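Novice: Here are the chains, one letter per residue:
Protein chains: 2
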Amino acid sequence: MSKWVYNFGSYGTEGKASMKDLLGGKGANLAEMCSLGLPVPPGFTITTEVCNWYFEHDKKYPEDLKSQVMNSLRVVEEGLSRKFGSGEKPLLLSIRSGASSSMPGMMDTVLNLGLNDRTVDGMVDETRDDRFVYDSYRRFIQMYGNVVLGIENEIFESMLEDYKGDRGFSLDADLTGEDWKVLIPIFKNRVKEEFGVSFPEDPKAQLWGAIGSVFGSWMNSRAKTYRRIHGISEKLGTAVNVQAMVFGNMGKDCATGVCFSRNPSTGENKFFGEFLVNAQGEDVVAGIRTPQPLTLAEKKASGINSASMEECFPGLFSELCKIRERLEAHYKDMQDMEFTIERGHLWMLQTRNGKRTIKAALQIASDMVKEGLINKQDALIMINPGQLDQLLHPMLDPNTQTDVIGHGLPASPGGATGRIVFSARDAEEWAANGEKIILVRTETSPEDIGGMHAAEGILTTRGGMTSHAAVVARGMGLPCVTGATDLRIDLINKTLIAGSHKFLEGDTLTIDGTAGNIMVGAVNMILPEITGDFQTIMGWADEIRTMGVRANAETPEEAETAKNFGADGIGLSRTEHMFFDPDRINHMREMILAPDQNLRRAALAKLLPYQRDDFIQLFRIMDGLPVTVRLLDPPLNEFLPRTEDEILKVAEVAESDVKAINVRKQELEESNPMLGHRGCRLAITYPEVYEMQARAIFEATAAVAKEGLEITPEVMIPLVGIKLELSVLSDLVTQVAEAVSTELGVEFKYMIGTMVELPRACLIADEIAKIADFFSFGTNDLTQTTFGFSRDDINSFLEIYLKKGIISKDPFVTLDEKGVGKLIKLGVEKGRNVKPGLKIGICGEHGGDPESINFCQELGLTYVSCSPFRVPIARLAAAQAAIQEKQRAA
Amino acid sequence: MSKWVYNFGSYGTEGKASMKDLLGGKGANLAEMCSLGLPVPPGFTITTEVCNWYFEHDKKYPEDLKSQVMNSLRVVEEGLSRKFGSGEKPLLLSIRSGASSSMPGMMDTVLNLGLNDRTVDGMVDETRDDRFVYDSYRRFIQMYGNVVLGIENEIFESMLEDYKGDRGFSLDADLTGEDWKVLIPIFKNRVKEEFGVSFPEDPKAQLWGAIGSVFGSWMNSRAKTYRRIHGISEKLGTAVNVQAMVFGNMGKDCATGVCFSRNPSTGENKFFGEFLVNAQGEDVVAGIRTPQPLTLAEKKASGINSASMEECFPGLFSELCKIRERLEAHYKDMQDMEFTIERGHLWMLQTRNGKRTIKAALQIASDMVKEGLINKQDALIMINPGQLDQLLHPMLDPNTQTDVIGHGLPASPGGATGRIVFSARDAEEWAANGEKIILVRTETSPEDIGGMHAAEGILTTRGGMTSHAAVVARGMGLPCVTGATDLRIDLINKTLIAGSHKFLEGDTLTIDGTAGNIMVGAVNMILPEITGDFQTIMGWADEIRTMGVRANAETPEEAETAKNFGADGIGLSRTEHMFFDPDRINHMREMILAPDQNLRRAALAKLLPYQRDDFIQLFRIMDGLPVTVRLLDPPLNEFLPRTEDEILKVAEVAESDVKAINVRKQELEESNPMLGHRGCRLAITYPEVYEMQARAIFEATAAVAKEGLEITPEVMIPLVGIKLELSVLSDLVTQVAEAVSTELGVEFKYMIGTMVELPRACLIADEIAKIADFFSFGTNDLTQTTFGFSRDDINSFLEIYLKKGIISKDPFVTLDEKGVGKLIKLGVEKGRNVKPGLKIGICGEHGGDPESINFCQELGLTYVSCSPFRVPIARLAAAQAAIQEKQRAA
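Residue numbers (numbering that gives the first Met the number 0), protein chains in the order written: chain F, 0 to 889; chain H, 0 to 889.
What the hints contain is simulated information worked out from the structure, not anything from laboratory work.
Hints may be right or wrong, so weigh each one.
[What the hints assert, rightly or not] If you want the ones that stay clear, here's a sample from chain F, every Cβ over 12 Å from chain H, calculated: (1) I154; (2) G371; (3) Q400; (4) T401; (5) K435; (6) G565; (7) H676; (8) T741; (9) K748; (10) V812; (11) G836.
[As the list claims (entries may be wrong)] Derived list of chain H stretches under chain F, where covered just means 3 residues or more per stretch with a C-beta under 8 Å from a C-beta of chain F: (12) 669-675; (13) 714-727; (14) 780-786; (15) 798-810.
Since we're looking at a predicted model, the values are computed, not measured.
Positions of the beta carbon are idealized from the N, C-alpha and C atoms, including for glycine.
Work out the full structure: start from the sequences and follow the hints.
Specialist: The structure is reproduced here in structure tokens:
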């Protein structure tokens, strides 16, 4: 008999924190808190295995589940001396989802479950507060009707509005217990009308309905979207947590709150949180009421007027502080906790590792090492490398004049400029058209996920630092300002009103998520430097990582950035970019238009000094570090003139005529340029092109060698698929190197290698390795040919592929291990088989993707190379990969 | 010590026929003839290993070669009681190349070697024929000067012309021995002038010079071109045959000839050949003098006036007839022999398996089985499957009126129509521009190979049935008419003159290589049927082959052809071709232009009946045989209108406007359509398209089932690279099948499989096999993505790749075993691992290529599928592959 249900509570706890996969994050942590002796309302967790069973068996349950649930329910009843469905001291339950990865707000929750016409009387007897009890009952019917029975919430809300209208009420608070009592049968009748079946009076039926609904919600489209974006597998499933209800809304001695053991935005080691007196938990998160600060210090710092918890409930506050310490010491990470105060009693409802800004993550990790709580490896593992991106992209330039039109909470740091739109759907559409947009909403909800993902930044006029918008934006690394209460949104006219200013849809605004400001128009941005905690952590990463991290860079600026960001060298310098300068492109075109080799050589001779000087500059910056130079790769027609003016100019330079140029243009046009006459194929047909490039590289090498600098250029021949392509061109480059060395009387070292970017190259990597001094996997092209996906054309179906779950990730972002990865593995094995210790890197965009970097570590690559701005991400990811490898080995 | 030299002759023979790789074809067969006791001038063979050694060691020889050559030379001297370089009974030698695959005329030959001012006197003493001797000496200087020293032959010829002019001679025959004697020092002086060094008097120096020249000629550009076209590896090398000279030009009792043991053109079991009295061997082949028939029967049949060998040399003829029988019985194949009669003595200079027309090949194979000489397997192996192509392509329609303007020898059968050109170079250029051309030459030479390959047919005004043009054309399967002596070529005006007719370059003519006729303009062609020997052989092939042979066919005509040619079913029916009909294309366009799914469905509903009827027709023809239907594959923009008229028409049908259509056209444009939104990707985004197609297939299946026919359609989903693509679409097709079955109340069987045509599909073939009922490798696309070669764009570099030897074969013609083949192997293994016995075929163009078919057999494929016209080729190739497999296993 399988165990499907795990109890937790002071009367016996069966789970623990390490059972996250089975119990979900929430369930595992509830169990763990119970084991630590913290005050947790008792309950039980139905495992994620049941979820999988459920979907694999046509939404049925395992046979023995029912008895296990009933047994666990009895334990809760006995522990609390309450009875589920009883007219006396009835037990009420909350039913919540809980997957192993947090998916906030994506799945269903049912509260107050167990209420019916009988138990409601027991509640009234017990609480003597019929207003609270009948309101709770009404809320339950509404929530259950909506979540489990699928009746639109609007229907209930409008019935309530009608009722209030009829009686001249304006607020919910105007309704008495009697009013709610009247509304309940009206709601129930409507449920029957809409749903066809009566509202279930039987609490057990209610319970099974709610359990089914939570499991069912694992497959709702919001949850699917969230998982797709966050790369969470469908196979994980959700657990269901059934827990005794506690109420934060029974009166003034009740409250509910959310708190972080350290500041999730700045990382400061200060207790931080928000709470609401006389409210249910959802009220804080939903951003409907603006919450009160947790601590006095916080209150002072933020200038908020409302009383802090430290003031309202000093005793419970100090109890909470102890719990904070206890939990952080236990979990060795910053905790995000939910609590409820029911009639003066503190209950912990949840704890989990808290989401944080990258700034906070770096400080917390660095602080905790200093505090002796964790070691350096733990610190490195705690940080999400992808999040570093936030620090590596533009921030507002503090020296720029800005026109601030409003202010809100600094919910997620960084600056963002974009055109404003007022719905998630518009955000997605505009972004799909290449617009950079700022999503402006009163408050966001889980339905907005897609639109938030598409935005550059998010601005809400309501909600706090822990509102949905704030949490999600921090997770996504999007700048976000919340609770900008001095702004108003007019949805009908799609206008944002800030005092006398009005901004229409499409107007450009800038938000500063670090300071909480909203500004008119675009604002200058600057790149922050790597200092402080960031630098500390990066230092640790470099100590631990075993893979090199290089940058893809060709301009001096890029090379400087790469060096500043700690690159170990250049892994890909694309020489073709060097030909696009206005004073060079016409010589390039002259070369392409030349009718014979001699004239091509003449044109190339004019390009030689430019290219040599480029390399000299690059080599001076990179002194002492390796530089991989890729010879000409793109098809020649990319260099040809497009406009009539350009054509006329080229005709002049190349002593040709417009007609001849157009004929040549047509000759060079290709049906599938990606699979056409490019890469080393160009040099098999026009060897003089690579000859010139090799000469430029080696003359530059000799020149900097004379200056006393140390450069060993790594000449990379692209798009090799056939052994002889490489051997012929390798011979050519070698000949040029020897000639230059003799001519200039300078000895220098160099390597000749190849870009492995075609399936065939992987398949014959043994043959290629006999000739190549190094491999660099060009995973962009390799992904294109392995999948048969053109990166330029994939957009017409990629979105649908992701939406339908045909693929879970864009293979051009995260390396496809199953397909492309297999070819790379084969290439590495075959290559190293022939040449043990062969230097092997990757230089596709995947070189900056943490998951792909981890795969590169598994493959034993020598280095990864990525865009200069992603170098720190890659350094951290490489360190994490090395740690994981060590752990696997141990 | 390696053995580099093998003797042959009546005084000790060291080689044999099976040592072809080491001794080359000529050397191995000379040795074999010696072992059979036939009269062969003695000599020795320097092995192909020496050739490889030579090129791997900077054109030097192994150390011990010299002593081995000298020892072997001594054996020849002793056997013949002659001495190399002696003034008394001097030994003269012929030095000839000989690779393991015949490469007629591609490499160097030196005759009469050993003559110098001393030995020439010995020859005169011996022969008492100073005219013959001094002419031989002159010829030797000329040949050696040209071949070994690289002096243009024209130089010698013009000196000879000058000499004749000065003395009023017109023919070479006018010169006396004294004249030749005078010319010799003139030639020698010129050699010194041109070459800088005196003509070598030392016979040993002559010998080593000639050996080096023959080895060197292995790498000349003609030889490289020939090898490239015939797919012969550079690594094989040539042997050098050094053999005692015999002379067919010592007088009236001398002759030289070429003969075939059966007629190489018709296949008849009749001795066939040509000879010339008082001539050297080269004279017959070069086509300078029109030769005499070998037999009396031949003379009568051809109406030639000159005396046959049977009449001139009755005794030697009967000796030759015995040798013919002996060799054929020994080699069990039709022999192509060269002989020389020196002063009444018959010498055999060469024997090899004779080239033949495919018609002859079939008859010879079939006859030899009947004669009990060989068995069926031997017969099948004897036939080159590629050559069958000649029988499967148009022949002249006998019922058409033709305007015959000339007549020649029927040198290679089949009809060809094309525009005439007068040089090999023009032939290559015109053909590269897509022109079908007929190459018209006085006679062809090895330099013309490229142009001959590019032509549809060849016409020469000189030369016999064994001339260069005839031999090469038969090998290539090109129609050819030789010796059309009533036509005249005016090269200056690029005109062909036939009596009063004149034809300019570019005019269209037709040649009939079966009858030897030349006709004005294009002539109707018909397809011959498979009857007689062809049918017999095909029957044997079917008995022996283990792989199925299907056809790629979609129209009823193609299906009929496929069936007539013996296809086992249809392996690829491309449904998109069915949409291009004028009455359908606009509905297709309407579908593409539809703004939503409902309108797309409406348009598709109009296409359904057409498609269903297509399948009904196809299924009726293929009753009882499998039919694989591939669902829509190409990108949608291939169906969109191009001209303004078309756009207007579509606008009308689709109730759209020109602007909207142009917008949609632009939306659908792709940078790399081959890697774009096509194949199953279309159906993931627009499932309704495959839904309609599946419905059409199953409704057709049900319809023919009601007629009592048996069809199990195999629905093939193209371009799958991801498991879920296949599983989602397989579910969709299954649902349609079940729905159609229920609606029409007809039970039918069907299979759902996939085209494996992306590297990724091969890499995850195990996952795919879990869903697929069958695989069909789409080797065209797989070759494109594995190499990264677009088939539409490869022409810009393929030619150069082949010329430079970067690749030896077009990978779109012959499957690249090393790269693409490895992926296929992986796919087969992974697929069968999951589903043993999985039905696997290939349906790329490689399915009709004999070498690729052999590879498919090695992989254990279930069937190959090719164009209907190649089905018989594939049947034979499959049989050969099965035989080879058996032989490997044994």
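Novice: Hint by hint, note whether the structure agrees.
Specialist: We went through each hint and held it up to the structure:
1. With a closest Cβ-Cβ approach of about 29 Å to chain H, I154(F) is found to remain outside the 12 Å limit, as its non-interface label requires.
2. Residue placement check: G371(F) keeps its beta carbon more than 12 Å from all beta carbons of chain H (closest about 48 Å).
3. At roughly 42 Å from the closest C-beta of chain H, the C-beta of Q400(F) stays outside 12 Å, upholding its exclusion from the interface.
4. Chain H leaves T401(F) outside its interface by the beta-carbon criterion, the shortest separation being 40 Å against a cut-off of 12 Å.
5. Listed as a non-interface residue, K435(F) keeps its Cβ farther than 12 Å from every Cβ of chain H; the least gap is roughly 22 Å.
6. At the 12 Å boundary, the C-beta of G565(F) stays outside the reach of chain H, the nearest C-beta of that chain being 34 Å off.
7. Separation of H676(F) from chain H is inadequate, the least Cβ-Cβ distance of about 4 Å not exceeding the 12 Å criterion.
8. No Cβ of chain H comes within 12 Å of the Cβ of T741(F); the nearest lies about 22 Å off, and the non-interface call holds.
9. With a least CB separation of 28 Å from chain H, K748(F) remains clear of the 12 Å interface cut-off, as annotated.
10. Non-interface status of V812(F) relative to chain H is upheld: no Cβ of that chain comes within 12 Å, the nearest being about 16 Å off.
11. At roughly 25 Å from the closest C-beta of chain H, the C-beta of G836(F) stays outside 12 Å, upholding its exclusion from the interface.
12. Closer than 8 Å: that is the beta-carbon criterion, and the stretch 669-675 of chain H has 7 residues meeting it against chain F, so the requirement of 3 holds.
13. Evaluation of the coverage hint for the stretch 714-727 of chain H: fulfilled, as 6 residues show C-beta separations to chain F shorter than 8 Å, against a requirement of three.
14. Using a Cβ-Cβ cut-off of 8 Å, 5 residues of the stretch 780-786 of chain H lie near chain F, which meets the minimum of three, so the contact claim holds.
15. With 6 residues carrying a beta carbon less than 8 Å from a beta carbon of chain F, the stretch 798-810 of chain H meets the three-residue requirement, and the given coverage holds.
Violated hint for the displayed structure: number 7, the only one.
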